[in-house]
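Participant: Each chain is listed here by its residues.
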Amino acid sequence: MTAPLHDTGAAETAAVDVAAGVPAKAIEGRSPWRIAWIRLKRDKVALAGGVVVLLLILVAIFAPLIVSLLGHPPNDYHEDQIDALFGTPKGSWGGMNSDFLFGVEPVNGRDVFSRVVYGARVSLLVAFLSAVVAVLIGTVVGIVAGYFGGWVDAVISRIMDLLLAFPQLLFIIALVSVVPNSLWGLSGSGVRMAVLIAVIGFFGWPYVGRIVRGQTLSLREREYVEAARSLGAGRTYILFRELLPNLVAPITVYATLMIPTNVLTEAALSFLGAGVKPPTSSWGQMLSKAVTTYESDPTFMVIPGLAIFVTVLAFNLFGDGVRDALDPKGSR
Amino acid sequence: MFAYIVRRLFAVIVMLLVVTLVTFGIFFAIPKFTGTDPATLYVGKQADPATIEGIRQKLGLGDPILVQFWDFVHGIFAGRDYTGGGTSDHCPAPCFGYSFRTEQAIWPELMDRLPVTLSLAGGACVLWVLGGVATGVVSALKRGSLLDRTAMTAALSGVSLPIYFTGLVSLAIFHYWLNWTDGEYVDFADDPGGWFGGLILPWVTLAFLYAAMYARLTRATMLEILGEDYIRTARAKGLREPVVIGKHAMRSTMTPILTILGMDLGALVGGAILTESTFNLPGLGAAAVKAIGDRDLPLILGVTLITSAAVIIANLVVDLLYAVIDPRVRLS
Chain A
1 MTAPLHDTGA
11 AETAAVDVAA
21 GVPAKAIEGR
31 SPWRIAWIRL
41 KRDKVALAGG
51 VVVLLLILVA
61 IFAPLIVSLL
71 GHPPNDYHED
81 QIDALFGTPK
91 GSWGGMNSDF
101 LFGVEPVNGR
111 DVFSRVVYGA
121 RVSLLVAFLS
131 AVVAVLIGTV
141 VGIVAGYFGG
151 WVDAVISRIM
161 DLLLAFPQLL
171 FIIALVSVVP
181 NSLWGLSGSG
191 VRMAVLIAVI
201 GFFGWPYVGR
211 IVRGQTLSLR
221 EREYVEAARS
231 LGAGRTYILF
241 RELLPNLVAP
251 ITVYATLMIP
261 TNVLTEAALS
271 FLGAGVKPPT
281 SSWGQMLSKA
291 VTTYESDPTF
301 MVIPGLAIFV
311 TVLAFNLFGD
321 GVRDALDPKG
331 SR
Chain B
1 MFAYIVRRLF
11 AVIVMLLVVT
21 LVTFGIFFAI
31 PKFTGTDPAT
41 LYVGKQADPA
51 TIEGIRQKLG
61 LGDPILVQFW
71 DFVHGIFAGR
81 DYTGGGTSDH
91 CPAPCFGYSF
101 RTEQAIWPEL
111 MDRLPVTLSL
121 AGGACVLWVL
131 GGVATGVVSA
141 LKRGSLLDRT
151 AMTAALSGVS
161 LPIYFTGLVS
171 LAIFHYWLNW
181 TDGEYVDFAD
191 DPGGWFGGLI
201 LPWVTLAFLY
211 AAMYARLTRA
221 TMLEILGEDY
231 IRTARAKGLR
241 EPVVIGKHAM
251 RSTMTPILTI
261 LGMDLGALVG
271 GAILTESTFN
281 LPGLGAAAVK
291 AIGDRDLPLI
301 LGVTLITSAA
311 VIIANLVVDL
321 LYAVIDPRVR
331 LS
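Same order as they appear, the protein sequences are chains A and B.
Number 131 in UniProt numbering belongs to position 131 of the first sequence; there are no gaps in the numbering.
Number 33 in UniProt numbering belongs to position 33 of the second sequence; there are no gaps in the numbering.
A couple of the hints might just be wrong.
As the list claims (entries may be wrong) - Cβ-to-Cβ under 8 Å is the rule here; a few derived chain A residues that face chain B:
(1) 29
(2) 162
(3) 167
(4) 169
(5) 170
(6) 264
(7) 271
(8) 294
(9) 295
In case anyone wonders, no lab produced these hints; they're calculated from the structure.
Beta carbons are placed, not taken as given, at the ideal position from N, Cα and C, and that holds for glycine.
Input sequences plus hints: build the corresponding full structure.
Facilitator: If you want it as structure tokens, here you go:
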């Protein structure tokens with residue numbers, strides 16, 4: 001995913017074209033974000049990943065519409081599609097046909113297509129929001145640790161070390177499994193999702209915190225920070241107006257690469273039975289059901305697995321592209 | 001060097017105490033939160049109040065958390081006597097208490113399961129370090145070639161695939177359809193061949209996931225280092241390419257790999273939860289998942305402590321190894 005590095009020539013010709021073709025705009029300032037966008041647009045693989053990400057988000061948002069057009073309600077049983085003797089779907093490929101696009105679930109015959117589409121909602125919502133939680137906490141704590149140093153830094157760094165030494169998956173399962181059925185004015189699957197977001201986000205912030213702290217440590221010695229300080233700028237101003245804008249690039253990169261990890265974590269938790277509660281569908285949960293049926297109905301195992309794979313891969317490709325595009329060491 | 005190790009070991013002990021206290025705190029708070037009494041978990045809900053009270057006395061479940069914590073830590077080093085309800089039991093050091101569910105001592109159970117997890121983690125580690133690092137180095141040296149692109153595409157796919165999916169697929173193919181491998185875990189001492197046969201599939205599946213990560217990391221690091229001045233110097237003074245790569249470049253490449261390896265291996269020792277669940281291996285991770293479902297606090301605490309200890313000690317070993325790999329590192 002280092003395509004932009006080879007594209008030095010193209011970048012220069014593009015710049016020359018602008019200069020030669022449109023003399024009136026010959027001197028055009030380009031912000032780092034604009035440069036990053038231009039580089040990202042040239043990275044075809046990353047763009048493809050981005051398009052898939054966008055499609056997945058649309059699928060998640062319009063899940064009810066898509067399902068009403070192409071599928072059956074996700075919790076409806078279709079016993080007529082099931083071989084009564086073996087509990088397996090009738091027909092080959094897990095009961096795939098024009099009516100049931102991805103086949104049906106073994107035993108109860110629920111529409112796999114609808115369940116995969118609705119699963120995207122859970123997966124993306126949890127992954128996005130937990131990344132937001134992690135980035136918010138990590139940025140604030142990291143910037144404070146890096147800027148103030150001394151005992152503040154020591155305490156925060158030890159806390160981060162401690163959190164990273166915890167067996168996270170164990171703790172998340174433990175915490176999720178003891179949460180009552182209604183909390184914070186939510187009920188049912190809403191509670192589980194809120195808890196998943198909070199807990200995955202909470203265990204994610206030390207990773208962001210470490211990066212932000214490291215960057216802040218080097219940034220706070222720069223001349224412009226000193227200039228701001230000598231002009232009488234307050235701490236809050238320096239932290240959020242001077243330092244934060246320079247941290248946005250690494251934070252963006254980390255956030256985009258954190259989302260696929262969170263997708264995997266959510267799926268893993270659902271696989272272990274600590275995700276959203278049935279009948280709400282999620283990909284990990286479908287895979288955990290497939291553990292008992294993969295011998296007779298491999299299709300039911302492959303489809304949610306592919307859904308996870310495509311989602312995570314798309315985010316990874318896009319995230320790698322964003323990282324390369326924002327890398328100041330790359331060619332401009 | 002000696003003073004450094006002593007100081008770090010002291011920090012390790014403090015960290016472990018904090019981890020224990022936090023775990024204790026969380027699981028002490030949970031029964032209050034959900035309204036379940038740990039004593040009833042131990043004897044069952046139908047037991048008469050006198051029995052429950054006896055158990056509570058015997059296990060000290062009615063004491064304040066700090067007293068319980070002290071008893072627990074004290075028991076690890078000095079053993080512990082349980083008296084109450086008319087009976088008395090002695091639990092020799094290291095005493096991690098008795099399971100709430102099976103009433104068995106925790107320490108022997110942990111020691112029973114540790115070899116499984118160690119076999120899994122150790123075997124997979126050898127495979128992924130060899131495979132991942134070799135792929136990464138070759139990719140970096142042949143950058144942009146077909147080989148590099150194929151390897152990196154495979155690696156990106158590898159990091160995007162959840163282990164319980166690849167695990168199920170490999171089980172379906174190699175175990176169920178082709179019948180090449182055994183499904184059961186056998187102790188190495190009982191039957192080395194059976195041990196190997198039962199673990200080969202989990203090893204390869206787990207190693208594939210990690211090899212993908214290590215290949216990506218190795219390639220990126222190697223590329224960065226190949227651009228360094230000292231590599232040019234080494235080439236300029238006429239060293240043969242294998243020496244430049246193998247001796248000069250590899251040394252620096254190993255540093256970040258070692259860092260990650262320490263963390264990964266530490267985390268895996270505490271339980272490759274997902275791998276063990278997928279392949280039905282009776283290791284620590286599987287025990288932990290079961291324990292969480294049962295609210296079996298002593299067992300959860302035991303696994304958490306072993307994991308955290310493994311992570312923290314692995315990090316310490318890595319820090320010491322830095323000095324071996326990179327002579328510029330001075331420990332102080």
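Participant: All the hints need checking, so say for each whether the structure fits it.
Facilitator: A quick look at each hint next to the structure:
Hint on residue 29(A) is violated. Least Cβ distance to chain B is approximately 30 Å, over the 8 Å limit. The criterion of a C-beta within 8 Å of any C-beta in chain B is met by residue 162(A), whose closest approach is roughly 6 Å, and the hint holds. Annotation: residue 167(A) was flagged as interfacial toward chain B, and the flag holds, the nearest CB pair being 4 Å apart, inside 8 Å. Look at residue 169(A): its Cβ gets to within about 5 Å of chain B, closer than 8 Å, so that hint holds up.
Nearest Cβ of chain B to the Cβ of residue 170(A): about 5 Å, under the 8 Å cut. The hint holds. Taking 8 Å as the C-beta contact cut-off toward chain B, the hint placing residue 264(A) at the interface holds, the least distance being around 6 Å. Proximity of residue 271(A) to chain B holds as hinted, the smallest CB-CB distance being about 5 Å (cut-off 8 Å). The closest approach between the C-beta of residue 294(A) and any C-beta of chain B is roughly 5 Å, which is under the 8 Å cut-off, so the hint is satisfied.
Hint status for residue 295(A): holds, given a least beta-carbon distance of 5 Å to chain B, under 8 Å.
In the structure shown, a violation is registered for the earlier hint numbered 1 alone.
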